[in-house]
Amino acid sequence: MDPLSWTGQIAFLNPIIALALGLLVASVLAWVVVSAVLPENRAINDIGGTMTLASGPRDIAALAVRLTTLGTTVLALAYLVLGLALGTDAGILGAMAQQFWPVWTALVLLFTLSIAFKRRLGLYGKLFDSPIGMIGFALVMFWVFTGFFGAIDLIITHDPLSQLSGLKNKVPGTPLRSPEDGDFLWYLLGGDNLARDVFSRMVKGAWEVVKIAPLATIFAFMVGITLGLPAGYFGGRLDTFLSFLANLILAFPVILLFYLLVTPEIVATGLPQYMAAVLFAFPLIFFGVLINSRYRTQPSKNYLWLAIVLLPLLVAYFSLINEDGSKINFIPQAFDLFDIPGGILVVFVSVVFVNSPTVFRIVRGLTMDIKTRDYVAAAQTRGERPWYIMLWEVLPNARGPLIVDFCLRIGYTTILLGTLGFFGLGLPPESPDWGSTINEGRKLLSIYLHPALPPAMALLSLVLGLNLLADGLREESLKD
Amino acid sequence: MGLFILRRTGVMILTALCLTFIVFFLTNLYPNLEKLAKTQGNFRMTDEAVTSWLNSNGYGQPTAVKYGQWLGVLPGWTLTTDDGETGRCITGVVSADEAADAARFCGILQGEWGFSTRFKDDVASIVWERLGNTGYLMFWVLMLMVPSALIIGVLAGMREGSVTDRSLSTVSILTTATPEYVSGVIFIAVFTSSTVGLKWFKGTATSAMDNPTFENFFLPVLTIALYGMGYIARMTRASMTEVMTAQYIRTARLKGVSFHNIVLKHALRNALIAPFTVIMLQFPWLLNGVVIVETLFNYKGFGWILVEAAGNNDIELLLAISVVSVFVVLVTQLISDIGYVYLNPRIRIS
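Residue numbers (this note's numbering), protein chains in the order written: chain U, 1 to 480; chain R, 481 to 830.
Do not rely on the hints blindly, as some may be mistaken.
[Unchecked claim] DSS-like cross-link-like pairs, simulated, lysine-lysine; straight-line CA separation at most 27 Å:
hint, chain 1, residue 1, chain 2, residue 2
1, R, Lys-518, U, Lys-327
2, R, Lys-518, R, Lys-780
3, R, Lys-780, U, Lys-327
[To be verified] According to the in silico footprint, chain U covers these stretches of chain R (three or more CB under 8 Å from chain U):
hint, stretch
4, 510-520
5, 613-622
6, 650-662
7, 668-679
8, 714-728
9, 765-773
No lab work stands behind these hints: they were computed from the structure.
For every residue, glycine included, the Cβ atom is placed at its ideal position computed from N, Cα and C.
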């Protein structure tokens, strides 16, 4: 077999896209310079009392940017479509485009449906009015779908753990030496220093992030909200104490904390499990109080809802913290529904632990601001209980900043997970997560670029997507 | 003001005590001590050998007592063996008379930071030397990061929604989305590797410890500075846009003051109050960046000893490191609070 080149049969597009990119950069620069140097457009009074802006060099520059952006996008789409059609004939890019087909399908479906129904979808629908938000959402969903489909072995070309002989540190597009039937014939993004497929490891790494980061962020929010609301609402001693604790955790250098919590010796003492038992109890408290404060006066409804929500959560909670052969092991096997592998639980706990103080501070600040509003005073006059006011009056009105921060915080959690992997903490050494892959790849970086760059780019694009998404959401939620 | 600083100092000391106790507790858990005994002695020690090693080196006492000794509020342990006396404040094994002359207390209150089991050296001298390296790095990071972040933020914020604003905001979002280990890897790949062939810089900063040059020192500085820059720039932008919509700016514009003068003379000073706080609060994050970048570029500074000490459970070195980092974090918080009050006349006068 021949090695694959980057673009194969569609190489004729390369000079064109290089030209388009050059023009795009030039026009953007011209646009920035023109708009910084020239004065703003004059307003012209039309007959009939309307006002328009005079057109000038600014508009020409803006038009140029729009045209070149359009051209570059069309060309990029051409690569994608031709790649999807031609597959490996279109080189590495084509093969990758084809491997990602489930992701493209899912993205197209999601965007068509969302844009079609965007007026009925609230804040989520409004996201599709902002180009920045749409780009961010597309990037995020690309990696989310990649994670899901990668987890069910759809996108990957090889097993991310198997090592094939003769492919150690080989460049992208190297063919397999002795392929068996049904094997994919190339290493699309080359092999790493243990002769594993870089492309498949990158795809599998997406799943490591997608399964931990959002969930850890949700837990951090539960902890932060459950403690931040009373601290901000009641103030006083409680506030002083909780703020002191939060500042204490925040004063720790994150990496020192990770080193102290995630080492195998500490795991052996069961400390992370005890921390998990405390931290994971917060969702139970949160939902319990949430329902109880709402239906306190209607006991039958109250008990029904409490049972519906809390029973499954309790089972999940005990299955989560209980693990056979560790310090917390008091539930009979039959009730222990699932086990979290030790490493993942520790990583999860430490990420939640590091994130929750910041959430606490945000929620506390928002609560202190919102509790001075008239509707809170009205609720107090009605004789509502404090927890009802906190959870059903204050919290819904703090949702805007919290949703934005949620997106940013998933990005930050992704960075933290990468940091853990980068220092080789927590996750098993052969784990395909991006941080560990970057760490392995950096050792030979001055000779072989290809093992470290794909996971680095993947992490960068996911975090960038989350940041753009948060920006879009902020813009749209401020428009109300 | 005096009372405020006094109270903050009190909180600071309390925080430092709690933090060091947590570190002390975690590093003194039995499995960690066992690991320490095995790395110091040999890896095939039996359980009894581990216990006797721990007892003869003072690790066998209760954690609270050991913590008191480390602080210097409890007398250091001594142990009489057949060869003579040994103890916390005694180096090696000495006779009973010499042991009687040794200091009874030797903790950080007496200026004794202890002995590093990883580097076989005095903790104070190690930390001091490495802090010098990192201080040099941080100085250049701040020199690069702060001015560029402020310029980007002010340029973006002075005309909200303009082209400059959009493009600069995109740049700052991009830098906040790039953690150090990603940007560092990309920079090394592009600027130092033989594959790309640019070879403008060196991929390691090891030689920068003795002889820092632009070639071997710029990439680590840039890597740390970029990640922090975006956040400061965004905060500066937010503060600048807020100032630019204030009444007195509108008055100035209506009076016919030129835009140039409005920005430089009227808006800038007020817009820089908030970024000051943000820059000060960035220090804890910079500390993280330092650990990553020093590992990535093999620059042996404070971050590097943190990784080494944590990896080898070097208790006293780790404690010294946490004291230093807590000190840095809390002092910068204090400076940011005081500076905020000082810079903002509305708070200062009332």
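Hint by hint, here is what the structure shows:
Restraint check for Lys-518/R and Lys-327/U: the C-alpha separation of about 24 Å stays at or below 27 Å, so the hint holds. Of the supplied pair hints, the one linking Lys-518/R and Lys-780/R holds, its CA atoms being roughly 26 Å apart against a limit of 27 Å. Between the alpha carbons of Lys-780/R and Lys-327/U the distance comes to roughly 39 Å, so the proposed pair goes past 27 Å and is violated. For the stretch 510-520 of chain R, the assignment as covered by chain U holds, since 5 residues bring a beta-carbon within under 8 Å of that chain's beta-carbons and 3 suffice.
Note: the stretch 613-622 of chain R has 0 residues with beta-carbon separation from chain U under 8 Å; the three-residue rule is not met and the coverage is violated. Counting residues of the stretch 650-662 of chain R whose C-beta lies closer than 8 Å to any C-beta of chain U gives 8; at least three are required, and the coverage claim holds. Remark: the stretch 668-679 of chain R is confirmed as covered by chain U, as 7 of its residues place a Cβ nearer than 8 Å to a Cβ of that chain, reaching the required three. Three residues within the 8 Å Cβ limit are the bar, and the stretch 714-728 of chain R against chain U gives 0, so the coverage statement is violated.
Counting residues of the stretch 765-773 of chain R whose beta carbon lies closer than 8 Å to any beta carbon of chain U gives 4, which meets the minimum of three for the stated coverage.
When held up to the earlier numbered hints, the structure conflicts with 3, 5 and 8 and fits the remainder.
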